[in-house]
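Undergrad: Below are the chains, spelled out letter by letter.
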Amino acid sequence: MRGGLLIFFCASLAAAAVPGKIDFARDIQPLFSARCYGCHGPQQQMSGLRLDVKDAAIRGGYSGPLFKSGDGGNSTLIHRISGDKGFAAMPPVGPRLAGDEIALLRAWIDQGANWPDTGTAAAASRTSSHWAFQAIAHPAIPQVADASWVRNPVDAFIRARLEREKIAPAPEASRNTLLRRVSLDLTGLPPTPAEMDAFLTDKRPDAYERQVDRLLGSQHFAEKWARQWLDLARYADSDGYEKDWVRPWAWRYRQWVIEAIDRDMPFDQFTIAQIAGDLLPNSTPEQKIATGFHRNTLTNREGGIDNAQFRFENTVDRASTVGSVWLGLTVGCAQCHDHKFDPISQKDFYQTFAFFDNVEEVDIDAPLPGELGPWLRARDEYRKKRSELLAEYHVPELQAEWEKRLRETSANPGKWLDWDLAWDCVKKLTEGGDGAGILLKNERTAREQDILTDHFIRNYHFAVGPNRYDEIKFKELDEKLTVLKTTYPQLSQAMVLAESAPRTTYLRVRGDYKNPGIEVQPAALSVLPQLGTTKSRPTRLDLARWLVTPENPLTARVAVNRIWQELFGQGIVASSEDFGTRGDKPSHPELLDWLAGQFRENGWSRKQIIRTIVTSATYRQSSKARPELENSDASNTLLARQARLRLTAEGIRDSSLAVSGLLSTEIGGKSIRPPQPNGVMEMGYGKKGGAQWDESKGADRYRRGLYIQFLRSTPYPQLVNFDAPKSNVSLCRRERSNTSLQALNLLNDPVFVEAAQALAYRIATESSDPLKYAFHLTLGRDPNAREIKSMSTYLEKHDWTGLSSILLNLDEFITRE
Amino acid sequence: MKNEDFARIQSRRRFFRQCAGGIGTIALAELLRADTGDPLAPKPPHFPAKAKNIIFLFMEGAPSQMDLFDPKPALRKWHGHPLPPSMTKDLKLAFIKPTASILASPREFKPYGQCGMELSDLLPHTASIADDICMVRGMQSEAFNHHPGQLFLFAGHMIGGRPTMGAWVTYGLGSESQNLPGFVVLSSGVGTSAGSDNYSNGFLPSMYAGTVFRNSGDPILYLTNPPGMSNEAQRARLDTLREMNQEHLDDTGDREIASRIHSYELAYRMQSAGPELLDFSKESSATLEMYGVNTETTRPFATNCLLARRLVERGTRFVMLMHASWDHHSEINKSIGKQTAATDQPAAALIKDLKQRGMLENTLVVWGGEFGRTPMSEMRRPEEADNAGRDHHPNGYSIWLAGGGIRGGQVIGKTDELGLSVVQDAVQVHDLQATMLHCLGLDHKRLTYRHMGRDFRLTDVSGEVVPKMLV
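Those protein sequence lines, which keep their order, are chains A and B.
Position 452 (the first sequence) corresponds to 452 in this note's numbering; numbering is contiguous.
Take any residue in the second sequence, count from 1 to its spot, add 1000: that is its number in this note's numbering.
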């Protein structure tokens, strides 16, 4: 049918009058102008194509050149306008080009596509007047009428605006509320009754600032703020796809984040290490571990998938994530087409993509303190025993034969299905490295050899079938090797990035990994100041350094805005993930710039900028509703009060465990598994032979929420119920929902029931005024008369455990006010 | 909050005081629901709808269309032989190569119903509802692996992180149910490749996530009171909690506390509605018999089908049944019969039951997997003759729909003689999604949510409603 149409169409073309000598200005340009400039002219250049400028037109669009001079029949332009070769006909709207118009264009190309120089329009460089792309200003600090309210410049900006609107700020929150608020905001944990007492009785004028400094110095500060960063880093402890393998060493990256924040690593260094720590001169293991940021992408080990597709998707994700986390731009929108609203072209996207295109995922030995010595001392003996075991089960001979067959299979796909499958498994199921890469290598390190041998022993059945596999007792061998490994000291591992040889990067037409367009080089977004390197091919390190150059107008703004969001529930730019033209405008643009400037000029210190904000009068306001402002400022954009914010999933767990005395305060380390109902794991593919949930023992059951092992396919229910991210992609802003499943979770989950029991025990044994003490523990304040009455009435018929559970379910308890 | 709203909350406070200590009544709940801007309160569709609810029977792993729905007698001619390369060049295959030999189906197909729909002998019960279902033989997916395929089917995109169909629907329409979740997930068989990604709320708020009714332990996580706590004690706990929350609402004026009070009341009602839902004692023995609830083979899926009807009856918007697995890479002739034995009768019973209760016309039922299977054989153990299976095949497979605005008793689409590709009326996954939303009165291009600066929708950037499917 389709073929028939084509033949008919070509016949009609041939029948059209053969044009004579074509004149570009007379015959072609008017046609381009009338039918093509709308999308490929001075206003916009869809798919990178511009037809009003000679050089640009000859270069072509993202798919490559448009015409082959002298060969109209094989030119993309002709295919496009006639809608053949599987292309949808151009132009996509309005009538199609007539047969003689097509013939005209074809003849013009046949005759050499002669295009006289008519002077060129300015190169299509992108500029924008959008606020976020302008340099960060140094705004003057405004004068306000009520100067006595102002504690620091933050307040001047906020108050000046309020005065313009003739709104008075809210009164300062009570000291109880203030300490509870700042403790939860800085450490994620409520103040203890002793801490509250100390603060309430401290009459020094700087008592509050002293509390702030104490909290900033607490290691729990790093845990709280690391969690915010882990959302951006889409941190998880599993692969994400199908079998959802556990990543036993993912926590090394989390640990790095906690430690970096704890010692207030300047944000510029923090940035560079995560994007390109491996490329720093003489990079340390810690700097390499930092690149784990981009190892949190998903891995698909499903049999039969195309590894190239997922490599591509991960590279796309890395480029998009850098865009949203550091630049606050929805760069990812340009994966398939030029950004619809922001000055980001599809080419820009692939130029960012190009920085990550030659990234290699590697796992390295990354010994923890104290591991190296014992490992070195035991190494020879361990290797000897391992070799003996392998020899006993004839591994060397069998593996050599297996490798030989696989090399043949990889060269002859489709010849032996069972071996095809075995080869696919080497590609997908090798633990700790790239099995196929290792197998095809001539020289291997001992580490690589071990990885391949371990894979061979575990997966040989794919090649030879279960009967033979049983016969050679490899299962038994595998168990023995595992025992041997646990008997001798091993080195801890880390998942990091490494740089492989440069690859040629192509723009992908319509974002399809199988559809390469023009070649691109790594470069900064064209709307922003450029990299300023003279290298022929800039690297990830150049990108990382560029993100934190003084000329970059976005990174500092985006970072302080997210800090502000954490402390007020909403950023100065409410759409903290989108500073582009469709995002929200800053409510206080000068304040944003002032904060960004402070951040950068004070050594990119996270703790310092947080200190500035939380010691302001703005932050210290009461969060009570102000009904009189509900019409004029319903979303509290002007900050005439603080906000009441439901705690995060982790915050709720941590607070419950803390007040009940169960919380383990150990910092860092491996992920843990608190009790969860059996049905959770059943819902994943991992049910059979995959990830299992071995409940942690002892104090590990009571560790903070950020240490809970996060399996993407079967996430821990309490985290999901309270809006923790799914961690498939980067997240800048969590939702705060309010659901009945949350209620059931806090009422009936054994974890919270246990917390209630422990809290009841504390209340009953630690104080002579239990009702008051219960409130001190949970809410950091005295109960009022009505609350005492409610509790007393309840206690007439019910026990302290029930009352403790009520307290842990109070809206006030799970809210920071 | 507007001043009037604030005043209303204040007056409700008095109302609460008046009935303090009493049980949260439905009327009270209704009051609160409307008052607190409950995001799950029912919302009008974009245009008048045929269907109010959806039951999606998700046949995980990709059922073989040519052994069930799409007869391919021509395969017999080719059985045991590879196809010429010219015919297989466009195939996307997971495990096998295009040179694999053809595997004919041993099944017998006959026409059923007045419409004469041809169905396999593995589906005697489905045969009895032929006139109610719309068979789509021209389905095409872009994914040819399970996890991406399931994401594509339910979230419209192969990469994770987006909301799924059930989440979109409850986001768009809310839920009629006061006591049960708006989006419920039931499962039978083994786990699915995509796990919770199949019913995730993605970047939508968490109230739109599918709530899993589990087969062991609590049907809904944490539904049961802690050990030793009676219902009266639970009620007392909630009453005191409400009183104290109310006290704080008065103090702070934060409307969020009113929503919290409402959530706890719904949780309490769910605690009794859950067990009531699961209690089949009031179902007639004929009904139980029809589904196969008491027969070992059919019990798990039959139980879920009956639950699906009961959920829809009680106002749940979207019920998703997951049955795994149809991933028959080997021994397909033996294994596929086990899955049809487990699912054929219950699925047909669901349609009949909905119909006899007058519920079919506003309930859309969809039966299908993430893609289909190849006409070529997959031979993992060439030495064993019965080992043949089929690989993944997204280029032309079958699903069926019934009820809720769908015209039954028809076959749409046609694959070529060998089932390699679609030759007439191809339906893309995004088209299916657009059509399902259309039945619910939702325009798939208008049902959007802004996330990370972009307006996302279930159908990503494509999808057309398929008018032929509609009444």
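Calculated directly from the structure, the hints in this document are not laboratory data.
Don't take every hint at face value.
[As the list claims (entries may be wrong)] 30 Å max Cα-Cα, derived DSSO-like pairs, lysine-lysine:
no., chain 1, residue 1, chain 2, residue 2
1, A, 85, B, 1097
2, A, 203, A, 585
3, A, 85, B, 1092
4, B, 1352, B, 1092
5, A, 624, A, 607
6, B, 1334, A, 475
7, B, 1092, A, 404
8, B, 1445, A, 415
9, B, 1089, A, 427
10, A, 514, A, 480
11, A, 404, A, 415
12, A, 415, B, 1097
13, B, 1092, A, 427
14, A, 441, B, 1097
15, B, 1092, A, 415
16, A, 385, A, 427
17, A, 441, B, 1334
18, A, 415, B, 1334
19, A, 428, B, 1445
20, B, 1414, A, 85
21, B, 1092, A, 514
22, A, 514, B, 1089
23, B, 1352, A, 514
24, B, 1077, A, 68
25, B, 1110, A, 428
26, B, 1352, A, 585
27, B, 1352, B, 1414
28, B, 1050, B, 1352
29, A, 427, A, 480
30, B, 1445, B, 1352
31, A, 340, A, 404
[Stated by the list, open to error] Stretches of chain B that chain A covers, calculated by requiring three or more beta carbons in the stretch to come under 8 Å of a beta carbon on chain A:
no., segment
32, 1221 to 1232
33, 1293 to 1304
Just so it is clear, CB atoms sit at the ideal spot from N, CA and C, and this is done for glycine as well.
Undergrad: Confirm or reject each hint.
TA: Hints, one by one, checked against the model:
no.: 1; hint: A:85 to B:1097; result: 26 Å, holds
no.: 2; hint: A:203 to A:585; result: 41 Å, violated
no.: 3; hint: A:85 to B:1092; result: 20 Å, holds
no.: 4; hint: B:1352 to B:1092; result: 38 Å, violated
no.: 5; hint: A:624 to A:607; result: 27 Å, holds
no.: 6; hint: B:1334 to A:475; result: 29 Å, holds
no.: 7; hint: B:1092 to A:404; result: 28 Å, holds
no.: 8; hint: B:1445 to A:415; result: 47 Å, violated
no.: 9; hint: B:1089 to A:427; result: 24 Å, holds
no.: 10; hint: A:514 to A:480; result: 44 Å, violated
no.: 11; hint: A:404 to A:415; result: 15 Å, holds
no.: 12; hint: A:415 to B:1097; result: 9 Å, holds
no.: 13; hint: B:1092 to A:427; result: 18 Å, holds
no.: 14; hint: A:441 to B:1097; result: 26 Å, holds
no.: 15; hint: B:1092 to A:415; result: 18 Å, holds
no.: 16; hint: A:385 to A:427; result: 28 Å, holds
no.: 17; hint: A:441 to B:1334; result: 42 Å, violated
no.: 18; hint: A:415 to B:1334; result: 26 Å, holds
no.: 19; hint: A:428 to B:1445; result: 38 Å, violated
no.: 20; hint: B:1414 to A:85; result: 24 Å, holds
no.: 21; hint: B:1092 to A:514; result: 13 Å, holds
no.: 22; hint: A:514 to B:1089; result: 15 Å, holds
no.: 23; hint: B:1352 to A:514; result: 46 Å, violated
no.: 24; hint: B:1077 to A:68; result: 47 Å, violated
no.: 25; hint: B:1110 to A:428; result: 43 Å, violated
no.: 26; hint: B:1352 to A:585; result: 56 Å, violated
no.: 27; hint: B:1352 to B:1414; result: 27 Å, holds
no.: 28; hint: B:1050 to B:1352; result: 18 Å, holds
no.: 29; hint: A:427 to A:480; result: 25 Å, holds
no.: 30; hint: B:1445 to B:1352; result: 33 Å, violated
no.: 31; hint: A:340 to A:404; result: 52 Å, violated
no.: 32; hint: 1221 to 1232; result: holds (count 7)
no.: 33; hint: 1293 to 1304; result: violated (count 0)
In summary, the structure is inconsistent with hints 2, 4, 8, 10, 17, 19, 23, 24, 25, 26, 30, 31 and 33 from the numbered list given earlier, while agreeing with the others.
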